[in-house]
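Enquirer: Residue numbers (this note's numbering), protein chains in the order written: chain F, 1 to 214; chain Y, 1001 to 1171.
Hints are computed from structural coordinates only; laboratory data are not their basis.
Where hints are given, some of them may not hold.
SDA-like cross-link-like pairs, simulated, lysine to any residue; straight-line CA separation at most 25 angstroms [stated by the list, open to error]:
| id | chain 1 | residue 1 | chain 2 | residue 2 |
| --- | --- | --- | --- | --- |
| 1 | F | K192 | Y | D1089 |
| 2 | Y | K1126 | Y | D1109 |
| 3 | F | K55 | F | L15 |
| 4 | F | K192 | Y | L1080 |
| 5 | F | K139 | Y | E1034 |
| 6 | F | K127 | F | A142 |
| 7 | F | K192 | Y | L1169 |
| 8 | F | K55 | Y | F1056 |
| 9 | F | K139 | Y | R1035 |
| 10 | F | K192 | F | K127 |
| 11 | F | K55 | Y | G1139 |
| 12 | F | K139 | F | I171 |
| 13 | F | K192 | Y | T1040 |
| 14 | F | K55 | Y | L1080 |
| 15 | F | K139 | F | V13 |
| 16 | Y | K1126 | Y | G1136 |
| 17 | F | K55 | Y | L1169 |
| 18 | F | K55 | Y | L1101 |
| 19 | F | K55 | F | I171 |
| 20 | F | K192 | Y | T1105 |
| 21 | F | K55 | Y | R1035 |
| 22 | F | K192 | F | P37 |
So the chains spell out like this:
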Amino acid sequence: MSEPELREGWIEVELAEEFPELGLDFVHVQARSGRSPFTVRERLRELSDRFTGSKVVHMRQDPVPWAYRVFFRQVGVDPDSDRTPVERIAIERLERGGLRSQNLLGDALVVATVETGVPVIAFDADKVGEHLGLRLSQKGEALDGEGRPLSARQIVVADEDRPLSVLFGEIAEKRGVTRRTSRMVLVALRVKGVPAISVEEALWTASDLLRAHQ
Amino acid sequence: MPDIAAGRTAKPPRAHHVRSPSLLPVPPRTAPDERPARRTMLEQIARLESELSQLFCSTWPRQGFEWSVSSRGGPRVLSLAELEALRDDLADRLSQTRRSLSDRTYVEDQNRRRIETMLLEPDQHKWVRVSNEDIGEPGCRHWHVRPRWGVLGMLMSWWRVRISSGCPLAI
């Protein structure tokens, strides 16, 4: 099986001027989701054991989770109300007493996010364009072109034709991964303070887990 | 000189009401570049967030602090005015929380001293109870001044500090 190629997404000029170090990296993976095998569930359990209350409290001072908290603030999101992905997973772990397995894709994304602090999302590669990027929504535009209306100038992940998801938010229903998906695109956001290697590591972790269990 | 030939006196020009064309306000041809101001504002927000995170870790395990700074309907690119308002809100939240923590640690310090005096002179602090929470520490331990041997101890003024440790087991 050949190594998937890591690609860099485009960033709209206005966004790039505002956040010069903002980036979007993605990788296409030939894989299906489904029930997680034992080894993945075991890895989740080991990760879950690493979390303690004190570690979760101090997580916001770690460089990568902190960088995403700062970015949340700078784009008008309160990270204490709408948690950053890694903090959301950590809080969930404390509340439930463990990281529960969802499915192979869900678990791969959780493992990648927890191990690197970098949030990763996935789309059905056959339902989105080849060139993904970040831009601001336009007035009157809707998610996926016809879904929920977006407020003007929201930051969205988009392909050449339409917005696919709100950044750190809702993914367009028709563009997400389903049981029929056989090819996915994993997407990670790079913000100021997050080393490029962490973003690559997050994408490789998720894609290796998915490819190893096909 | 007055204009006598015309039969009237010509008014001298009122210099202070006439402006030279070169002094007239010229409309700007380009919008001012907000970028440096925006960049400074973003840096200030990052620094305040860092200080707020440090403070959050310092307050643990104490409860009852307010951390939320209202969302601006993001994720989106905020206007300069919104960035300023956000910066001010973060600074306010930081100073309020620092003040609350300072008040709280003062009381905790008093409680620590109280524990010391309870241990030295239990009969001067009858029935006083101080818990870990009162001194800003995690756990369920508490110091309780109680009479030795119940009623007899009360009558004989035999007081001592009982230190309870550990949280009750979950059912």
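Enquirer: Need the status of pair Y:K1126, Y:D1109: alpha-carbon distance at most 25 angstroms?
Expert: Within the cut-off at roughly 20 angstroms; holds.
Enquirer: Holds or violated: F:K139 with Y:R1035, Cα cutoff 25 angstroms?
Expert: Distance ~23 angstroms between F:K139 and Y:R1035 Cα, so the pair holds.
Enquirer: Going straight from one Cα to the other, do F:K192 and Y:T1040 come out at no more than 25 angstroms?
Expert: 15 angstroms, holds
Enquirer: Taking 25 angstroms as the top limit, are the C-alpha atoms of F:K55 and F:L15 close enough?
Expert: Violated, because 33 angstroms separates the two Cα atoms, which is more than 25 angstroms.
Enquirer: Straight-line Cα separation of F:K55 and Y:F1056 no greater than 25 angstroms?
Expert: The hint holds at about 13 angstroms.
Enquirer: Holds or violated: are the alpha carbons of F:K139 and Y:E1034 at most 25 angstroms from each other?
Expert: Within the cut-off at roughly 23 angstroms; holds.
Enquirer: For the pair supplied as a hint, F:K192 and Y:D1089, is the alpha-carbon distance within the 25 angstroms limit?
Expert: 22 angstroms, holds
Enquirer: Straight-line Cα separation of F:K139 and F:I171 no greater than 25 angstroms?
Expert: Roughly 19 angstroms separates the two Cα atoms, so the pair holds.
Enquirer: Going straight from one Cα to the other, do F:K55 and Y:R1035 come out at no more than 25 angstroms?
Expert: 37 angstroms, violated
Enquirer: Taking 25 angstroms as the top limit, are the C-alpha atoms of F:K192 and F:P37 close enough?
Expert: 36 angstroms, violated
Enquirer: Tell me if the straight-line CA distance from F:K192 to Y:L1169 falls inside 25 angstroms.
Expert: Status violated; Cα separation ~45 angstroms.
Enquirer: For a C-alpha distance cap of 25 angstroms, please report whether F:K192 and Y:T1105 respect it.
Expert: Violated, because 35 angstroms separates the two Cα atoms, which is more than 25 angstroms.
Of the numbered hints stated above, those contradicted by the structure are hints 3, 7, 10, 14, 19, 20, 21, 22, listed in ascending order.
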